[in-house]
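Visitor: Take the sequence shown: its position 133, counted from the start at 1, is 133 in UniProt numbering, and no numbers get skipped.
Please note that a few of the clues may not be correct.
Claimed, not checked - Derived lysine-lysine pairs resembling DSS-like cross-links, with alpha carbons at most 25 Å apart: (1) K143 to K89; (2) K143 to K213; (3) K95 to K143.
Unchecked claim - Label-pair distances were calculated between CB atoms; the ranges are: (4) R104 to N260: 30 to 38 Å; (5) F243 to K462: 34 to 42 Å; (6) K446 to N98: 58 to 66 Å; (7) V17 to E371: 53 to 61 Å; (8) F145 to K462: 25 to 33 Å.
Read the hints as simulated data drawn from the structure, not as lab findings. Glycine included, every Cβ here is placed at the ideal spot set by N, Cα and C.
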Amino acid sequence: MLRWPNSIAPKPVKGAVVHTRHGVDYPDPYAWMRDDNWQQVVRDPAQLSPEIRDHLLAENQYAAEMLADTSQLQTELVQEMKGRMLDTKSDVPAKDGNWFYNTRYQTGAEHPLFVRYPVGDDGEPELTQEQVLLDAAALANGKAFFQLGSVCHSPDHSQIAWSVDEQGSEFFQIFVRELTSGKTTNTGIVTAGSELIWSADSQSLFWVWRDAKSRPKQVRQHIIGSDPATDQVLYQEADDGFFLGLDQTSDHTYALIQCNDHETSEIWVIDLASTNPTPTCLWPRQLGIEVDAEHRQGQFTLLSNANQATDFQIIRGSITEIAAGSAQILVPHKPGVLILGQQQFADFHVRLERESALPRIVIRNERDDSEHIIRFEEAAYALGLAGGYEFDTPFLRFAVSSPARPRRIFAYQMQSRERSLLQQQEIPSGHDPAQYQVRRLLAPAKDGQMVPITILSRADCKLDGTNPLLLYGYGAYGHSLAAGFSSHRLSLVDRGM
Numbered sequence: 001m002l003r004w005p006n007s008i009a010p011k012p013v014k015g016a017v018v019h020t021r022h023g024v025d026y027p028d029p030y031a032w033m034r035d036d037n038w039q040q041v042v043r044d045p046a047q048l049s050p051e052i053r054d055h056l057l058a059e060n061q062y063a064a065e066m067l068a069d070t071s072q073l074q075t076e077l078v079q080e081m082k083g084r085m086l087d088t089k090s091d092v093p094a095k096d097g098n099w100f101y102n103t104r105y106q107t108g109a110e111h112p113l114f115v116r117y118p119v120g121d122d123g124e125p126e127l128t129q130e131q132v133l134l135d136a137a138a139l140a141n142g143k144a145f146f147q148l149g150s151v152c153h154s155p156d157h158s159q160i161a162w163s164v165d166e167q168g169s170e171f172f173q174i175f176v177r178e179l180t181s182g183k184t185t186n187t188g189i190v191t192a193g194s195e196l197i198w199s200a201d202s203q204s205l206f207w208v209w210r211d212a213k214s215r216p217k218q219v220r221q222h223i224i225g226s227d228p229a230t231d232q233v234l235y236q237e238a239d240d241g242f243f244l245g246l247d248q249t250s251d252h253t254y255a256l257i258q259c260n261d262h263e264t265s266e267i268w269v270i271d272l273a274s275t276n277p278t279p280t281c282l283w284p285r286q287l288g289i290e291v292d293a294e295h296r297q298g299q300f301t302l303l304s305n306a307n308q309a310t311d312f313q314i315i316r317g318s319i320t321e322i323a324a325g326s327a328q329i330l331v332p333h334k335p336g337v338l339i340l341g342q343q344q345f346a347d348f349h350v351r352l353e354r355e356s357a358l359p360r361i362v363i364r365n366e367r368d369d370s371e372h373i374i375r376f377e378e379a380a381y382a383l384g385l386a387g388g389y390e391f392d393t394p395f396l397r398f399a400v401s402s403p404a405r406p407r408r409i410f411a412y413q414m415q416s417r418e419r420s421l422l423q424q425q426e427i428p429s430g431h432d433p434a435q436y437q438v439r440r441l442l443a444p445a446k447d448g449q450m451v452p453i454t455i456l457s458r459a460d461c462k463l464d465g466t467n468p469l470l471l472y473g474y475g476a477y478g479h480s481l482a483a484g485f486s487s488h489r490l491s492l493v494d495r496g497m
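Can you build the whole structure from these sequences, using the hints too?
Guide: In structure tokens, the structure reads:
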């Protein structure tokens, strides 16, 4: 039986700070916990004020005392959870031209190796000819903090670029390595966001500049080997309430400048093959309107909730047609069917959507406009598009898991509709999905809406109300919890929860 400690919780000092907003005064007794120099603290935690530090240490000490009687259980749980995790793991190699690129972890490493293999005569990777492009564990050695942002190879496969934060400040540095010589160049860029996009000629990088308050404000172009002070500013975000990000279309034709807050987005495009890149507005910001873009054969495919399409629709057209409002409706809005995402291929368009709280993948053949759905048998599951480098391919990769079944990655031949298993998450200590049961219930809310509930239990669990229940939910910003696999969760379920 656990013993309830006699420890007393720390009581923070109450200050006399009073704020005035719109003519109304209100006290803020704990204003001292918000350090005025928080930007410096993010970069260097040693700058935290002694008062705040002392209180945090006292809270940590209190938590340790309150949980002291659970030390044996904590050790047991940690060992269980570690036993379900691989010391070494690898992603599935992804083909791009004459190479397969991959990431894998060595035994005990917290950071991955980025590697590639030449394509063999059989079209498969030559695993015996592995080339290490970047050893993140070696880069992180001896550093108190290390976080990789983007790691991307150049279109001509001669270079690799990466962004890294070594202070926890979310200010990333950018490095470039020549893959033939191994020569690494520090670009001198130290105030970047994590995103990186190569130009089509492999001579420059597009990146996001952050201001002193760590707000992403500009998109810049850096010519490899040049002084970053000469980098051209291509886009400037004036609204402090908007985030700024970079992506690219699946055909690698355009970089996408994405400006958004929680409910509004705007997209500008940059021709990656242009020698004088100039952003063009593809979709101007409109309050409450969100948009995502893909591209194929001069036509942009937009996923948007414009025109009262609450659950989103997909339209297609040129920049001129989209601006004129004359774009084709490719997938009309259907209330109750939420379109979550899209991926474009040369001959197929793929969309991920959700109906009745369950996700599904819909494949559209660009040649005849026919569609089919990839179906799954589980009562509840998590599903996602796995992405890839190649545009002109009939193969789609997707990942699926359920609360009882670990993650599996499949290759799906979109023409023949055949799927093949590429990888399944391994549980070293063993796992039998048949020992668990997954059920999906719908519970009525006060407003009459039916709320989906996924229940995971042991298969031998008696459903008589005697077992404890842990209920967890999330629903802010329209996001929901995917019914995916968690190896840690099994420690609770195996104890009868």
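Visitor: All hints are to be evaluated individually against the structure, with a verdict given for each.
Guide: Evaluation of the provided hints:
no.: 1; hint: K143 to K89; in the structure: 23 Å, holds
no.: 2; hint: K143 to K213; in the structure: 24 Å, holds
no.: 3; hint: K95 to K143; in the structure: 33 Å, violated
no.: 4; hint: R104 to N260: 30 to 38 Å; in the structure: 33 Å, holds
no.: 5; hint: F243 to K462: 34 to 42 Å; in the structure: 49 Å, violated
no.: 6; hint: K446 to N98: 58 to 66 Å; in the structure: 59 Å, holds
no.: 7; hint: V17 to E371: 53 to 61 Å; in the structure: 60 Å, holds
no.: 8; hint: F145 to K462: 25 to 33 Å; in the structure: 48 Å, violated
Of the numbered hints given earlier, the model fails hints 3, 5 and 8; all others are met.
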